[in-house]
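Listed in order, the protein sequences are those of chains C and S.
Just so you know, we're using our numbering here: the first sequence kicks off at 16 and counts up by one.
Just so you know, we're using our numbering here: the second sequence kicks off at 16 and counts up by one.
It should be emphasised that the hints constitute simulated quantities derived from the structure, not laboratory data.
Keep in mind that this is a model prediction, so the values were computed, not measured.
Mixed in with the good hints there might be a few duds.
[As the list claims (entries may be wrong)] Below, simulated EDC-like cross-link-like pairs (lysine to aspartate or glutamate); rule was C-alpha separation at most 16 Å, straight line:
#1 C:K163 <-> C:E279
#2 C:K300 <-> C:E279
#3 C:K125 <-> C:E99
#4 C:K300 <-> S:E220
#5 C:K244 <-> S:E220
#6 S:K163 <-> S:D206
#7 C:K342 <-> C:E310
#8 S:K244 <-> C:E220
#9 S:K335 <-> S:E310
2 protein chains.
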Amino acid sequence: MTMSVAWREETTQIGEVLRQSEKVLILEHEKPDGDSIGAGLGLALGMLFLGKNAILLSQDPHPSTYDFLPGRHLHIVVSDMKSEYGPFDAVVFLDCADRARAGAAVEFAKGDIVINIDHHVTNSMFGDINLVDPGASSTSELVFYLLKTMQVPITRNIAICLYTGIISDTGAFRYENTTSRTFAVASHLVDAGADPSRIANQLYECRTASFLLLLGKALQTLSLHHDGKVASVEITREMIRDAGSSFQETDGIVDYPRSIEGVEVALCFKERPDGIGVDVSFRSKCRVDVSKIAEALGGGGHPRAAGATITGSMEEAKDKVFSLLSKEQI
Amino acid sequence: MTMSVAWREETTQIGEVLRQSEKVLILEHEKPDGDSIGAGLGLALGMLFLGKNAILLSQDPHPSTYDFLPGRHLHIVVSDMKSEYGPFDAVVFLDCADRARAGAAVEFAKGDIVINIDHHVTNSMFGDINLVDPGASSTSELVFYLLKTMQVPITRNIAICLYTGIISDTGAFRYENTTSRTFAVASHLVDAGADPSRIANQLYECRTASFLLLLGKALQTLSLHHDGKVASVEITREMIRDAGSSFQETDGIVDYPRSIEGVEVALCFKERPDGIGVDVSFRSKCRVDVSKIAEALGGGGHPRAAGATITGSMEEAKDKVFSLLSKEQI
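With these hints in hand, go ahead and build the complete structure from the sequences.
Have a look at this one:
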């Protein structure tokens, strides 16, 4: 397997530092996601193989979705961290564009050498050594190359962690960051023992029947507007109750109207359980900055994904949103 | 890229036959799916590159989902086929476990040599040369190796077709048939110009409103059996009509009951438009070999994905299937 020449120096340097270190602190970003967790556990397991004393630290706990990953005993949250666990010979930030991204875990980031491994284009290059490649699908992909350089064997457990990181950050090989190198790494990880269908099952095949019943009800309300460029669905409290579902399960339903061909803006109107009003989720595909529409309603978010709460009834909420949308160039 | 030694002889033989042929007929199975279509167009484009007169033939039209694929001008349906287009030097069956799987297209399968390229474990080895590997993710994966053996360059257009075939049959690298070799092939196809995010958008983000309305109706029928290990949905002709949908759009709906946590076997019962009876799609996650159940009903398929047609009413079809399932260890 060939490696980008650009990193050869960084991976070699990082490998030397880690080999010479006894105590290594690995930091994930706040609210860790699949890539941060997969890269963190994979690297921690690699350090364990080398006989290092490694701790994987994050401000927030790992979501239970990732409970199936090996190496969990190497992870602790900030509230369980003690300063006497340090000082560390090396501190590795994973998937953090800057130091602050590690949240409260930064407090413990005291070490001789700071290593920064990341794939965000906005990375501030804050490390003593920076292995930063925005062309990488994920930080897990970079950790794979680092471990290969260090000649750490990619065990089955390490492979499971890194594979999970890669599919989390690529949307299971569907996002634009998926490259031929991503597939080449996936091929190696599967050879090393990662099981694609088992891992995908763990991440994606854990819906509830009540969610599907609620989704079915929501889809019955599908309506198109603006010549098919806007699609909306609505979810009432009655629908949630009849499906035996919960308000939390409404997350992600907006992706269904978004998936219609030709739709640029998708909306999901959800009656809040507290009766205050209606939460609206906005998604867009390419052009419309939905965060501006959400902001005009007192909400916020990103250009492609935003939300707002509107007091009043479902009809009032829809009137307000469609009135704002009618002024947009969609 | 290394190749399974088991096929070296077959791919070499097939390559020699195709190079010596002037007129090649390539057959897809009835109701062609993404793998059959991707493998078919990929192979037809490869033959075109070699200056052959190649026709890709299927009983039924390609679903419009695949309209983005290159090489469509090489495909015709049986109703447009003329016997004077033949005779053919070679006839290639793709993704067909037996001759009958090509449906009415078999009538035109007259040629000096019959080549059988497939990955179904139930393949009857009906060809003069058989390139059959149940360990392959897809027929498209086998066509990739065949074209490599023949030293046909994998052009961007060929890569797009074969990549589409692979992700169709692996559920975007989520099914058990996904191997390290599948990823290695995907890596090559992306290097050759297949764009993973564009193709995934074409396949997964181009739903129709009518499909979502039909999905919504189908999900209302969701029912669980065998302590939640079996989930089923049903689709009547009336539901298809009310949703403004079509029978073709019922494909993939079985993946929704399959996605429920704890479900091992998922079923989708679909009233056929011709009134003959009910098509049943079977999916399983880990243990149950649904191809055996499908075979007991006169159908077939893979251990994790199979199908059968049952004459009679929806109730009769459900009775038959659940009666068979009650004898299974699920």
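Results for each hint:
1. C:K163 <-> C:E279: Violated: K163 (chain C) and E279 (chain C) sit about 42 Å apart, past 16 Å.
2. C:K300 <-> C:E279: Holds, because 5 Å separates the two Cα atoms, which is no more than 16 Å.
3. C:K125 <-> C:E99: Holds - the C-alpha atoms of E99 (chain C) and K125 (chain C) are around 12 Å apart, at most 16 Å.
4. C:K300 <-> S:E220: Answer holds: K300 (chain C) to E220 (chain S) is near 10 Å, not above 16 Å.
5. C:K244 <-> S:E220: At roughly 14 Å apart (the allowed maximum being 16 Å), E220 (chain S) and K244 (chain C) satisfy the hint.
6. S:K163 <-> S:D206: 14 Å, holds
7. C:K342 <-> C:E310: Roughly 15 Å between the alpha carbons, so the hint for K342 (chain C) and E310 (chain C) holds.
8. S:K244 <-> C:E220: Holds, at about 13 Å.
9. S:K335 <-> S:E310: Holds: K335 (chain S) and E310 (chain S) sit about 13 Å apart, inside 16 Å.
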